[in-house]
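Just need the whole structure built from these sequences, with the hints factored in.
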Amino acid sequence: MQFGIFSVGDVTADPTTGRTPTEAERIQAMVAIAKKADEVGLDVFATGEHHNPPFVPSSPTTMLGYIAAQTDSLLLSTATTLITTSDPVKIAEDFAMLQHLSGGRVDLMMGRGNTGPVYPWFGKDIRKGVPLAIENYHLLRRLWREKVVDWEGEFRTPLHGYTSTPAPLDGVPPFVWHGSIRSTEIAEQAAFYGDGFFHNHIFWNKEHTAQMVQLYRQRFEHYGHGSADQAIVGLGGQAFMAGTEAEAKRIFRPYFDNAPVYGHGPSLEEFTRQTPLTVGTPEMVIERTLASADYAGDYQRQLFLMDHAGLPLPMVLEQLEILGREVVPVLRREFEARRPAHVPSDPPTHTSLLAEGPQSRHLQVINADLPTDATATDTDSTTHGQEARA
Amino acid sequence: MNRSLVVITAGLSQPSTTRLLADRISGAVAAELTARGEAIDIQVIELRELAVDLATMMATAGMPTARLDRARELVSDAAGLIVVTPVFAASYSGVFKMFFDALDPDALNGMPVIIAATAGTARHSMVLDHALRPLLTHLRAVVMSTGIFAATDDFGSGEQGHHLTERIGRAANELAGQLAHVAGQGLDNTDALATPERPERTSGVTIDAKVTPFARLLQGHTGS
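Going line by line, the protein sequences match chains A and B.
The numbering of the first sequence is the UniProt record's numbering, which starts it at 1 and goes up by one.
The numbering of the second sequence is the UniProt record's numbering, which starts it at 1 and goes up by one.
Just so you know, the hints here were simulated from the structure itself, not pulled from any lab data.
Where hints are given, some of them may not hold.
[Stated by the list, open to error] Across the chosen pairs, the derived CB separations fall in these ranges:
1. P199(B) / P117(A): 27 to 35 angstroms
2. D294(A) / G169(B): 48 to 56 angstroms
3. R182(A) / A51(B): 18 to 26 angstroms
4. R182(A) / V52(B): 18 to 26 angstroms
5. T115(A) / G120(B): 40 to 48 angstroms
6. S4(B) / E321(A): 50 to 58 angstroms
7. D87(A) / T212(B): 49 to 57 angstroms
8. D41(B) / D294(A): 32 to 40 angstroms
9. G116(A) / K210(B): 56 to 64 angstroms
10. R3(B) / E336(A): 48 to 56 angstroms
11. G169(B) / P254(A): 53 to 61 angstroms
All of these numbers come straight from a predicted model, not from anything done at the bench.
Ideal Cβ positions, reconstructed from N, Cα and C, are used throughout, including at glycine.
Encoded structure:
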């Protein structure tokens with residue numbers, strides 16, 4: 001199982017001092033945080049992508065490339081890459097380049113973005129959010145899997161005789177996750193391709209997260225990628241730790257109370273009850289995280305949000321020490337102990353996908369065997385698709 | 001079909017004039033239905049009890065609470081609604097609007113609703129048609145033509161009190177007619193032609209179980 005952290009890269013004032021870091025400080029802090037994650041034995045660092053203040057990470061591959069050069073085994077990912085407003089051609093190129101430079105230590109997570117204005121800034125229509133995510137990602141898959149691409153779609157300038165360079169490392173495209181909080185279409189998309197599904201989880205009650213993950217698992221099985229419990233699931237989490245629960249709450253409360261997303265709203269206690277946020281001892285975080293598998297099933301990736309709401313860098317680094325040295329080793333052991341043998345522990349990696357060889361389903365643009373038990377609608381639309389291809 | 005009549009009341013004090021009016025209206029609807037040989041289950045949602053849950057949802061970009069989810073399901077599953085608010089600053093109260101903001105856009109499709117309001121004086125009586133009716137119509141509810149506005153004086157005896165009772169009776173009759181009509185459709189479809197198909201309601205509490213097959217989502221974009 002992979003453990004890591006995901007950052008949204010917010011520039012937020014520290015409510016205890018009133019001081020706001022500069023963009024330069026925050027960017028360097030993110031790098032320091034990634035390096036600390038590597039140092040304490042975490043597997044994944046994932047950065048958000050935003051194009052508006054108060055966030056700094058607008059250029060994930062630049063940041064991840066810089067981090068790749070300073071780490072050896074850390075897997076570099078995103079949370080999320082904007083498949084709606086970014087050109088899929090540029091995503092294909094940027095991440096293939098990062099894949100080469102990092103020796104295959106790359107996967108990425110697709111998402112649709114967090115603010116409406118991002119769409120018009122990049123010439124897109126927010127009302128087309130889901131169709132953009134569907135079409136753009138399909139083009140991205142083709143660019144990574146076909147040497148020469150001819151493409152005409154609804155949203156992008158047509159491509160004729162186009163070859164994306166560099167080709168993916170060893171001819172193996174990066175593994176992709178699809179992140180969605182409540183869009184069933186995105187869970188369906190992840191299931192169709194056999195890609196991973198990530199539920200951010202951190203602002204949602206477990207009942208909701210369980211429903212979304214369950215939908216993805218059922219459809220993953222429906223599309224023939226394996227049994228529902230073998231589907232590739234990632235979950236978000238959020239924690240702040242200290243020697244005692246009271247101490248953790250005392251330190252974290254001002255950050256919680258003023259956080260950009262939930263500050264000035266529910267109490268820390270209430271939010272803790274309703275979401276995975278755990279503020280307390282490492283043992284409490286272990287217990288809470290393990291319980292996720294009870295409602296989401298045995299899963300493959302756990303990412304924690306640790307650097308946000310103005311928490312100063314030294315405090316974040318200290319949290320990562322606790323997470324990496326005390327929490328994750330226990331979680332690894334306990335999650336493996338409860339996992340049935342037929343359920344994969346890790347999500348696919350460059351090494352595992354390369355080992356699957358040329359017949360790997362991962363290398364197919366679409367699944368050749370659309371389900372035969374498909375509904376009438378399934379059959380109809382498949383026929384349309386074939387006509388379009390002919 | 002479901003036979004619950006849900007009363008949404010935004011009164012803040014205890015006892016509440018708004019709740020008092022709500023009870024009179026629901027009692028009148030129940031009496032109308034009983035007279036027609038129908039039964040109804042009345043459920044009351046006191047929005048005051050949901051004020052903190054509503055604030056939580058608003059302050060977290062939509063995170064629901066268990067108590068709010070139960071109320072949202074109750075509302076969408078209802079056969080009909082009675083909604084009553086006190087008038088604050090020339091309109092419905094804030095907590096009243098927050099509750100409707102928390103509903104799924106498809107939560108009230110085709111829902112028969114009685115709108116009602118209370119205020120200190122009669123000069124606020126237009127609130128029903130300036131504020132409540134447009135709000136409920138926006139949410140695609142079917143608002144009964146008789147709205148019920150009660151100023152404090154209307155609770156006294158005499159002519160004004162008599163008029164209020166009359167208005168309650170008229171609105172209750174309209175809602176009971178709608179409920180009986182909807183119930184009748186299940187048994188006998190003869191007037192189906194006269195009634196447009198009701199769009200499905202959803203509480204928004206559970207995710208949509210109807211999955212669009214991906215082949216359809218991807219239509220026209222097959223790979224090779």
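Here is how each hint holds up against the structure:
no., hint, result
1, P199(B) / P117(A): 27 to 35 angstroms, "holds, 31 angstroms"
2, D294(A) / G169(B): 48 to 56 angstroms, "holds, 54 angstroms"
3, R182(A) / A51(B): 18 to 26 angstroms, "holds, 25 angstroms"
4, R182(A) / V52(B): 18 to 26 angstroms, "holds, 23 angstroms"
5, T115(A) / G120(B): 40 to 48 angstroms, "holds, 43 angstroms"
6, S4(B) / E321(A): 50 to 58 angstroms, "holds, 55 angstroms"
7, D87(A) / T212(B): 49 to 57 angstroms, "violated, 26 angstroms"
8, D41(B) / D294(A): 32 to 40 angstroms, "holds, 35 angstroms"
9, G116(A) / K210(B): 56 to 64 angstroms, "violated, 26 angstroms"
10, R3(B) / E336(A): 48 to 56 angstroms, "holds, 52 angstroms"
11, G169(B) / P254(A): 53 to 61 angstroms, "holds, 57 angstroms"
Hint violations for this structure: numbers 7, 9, all remaining hints satisfied.
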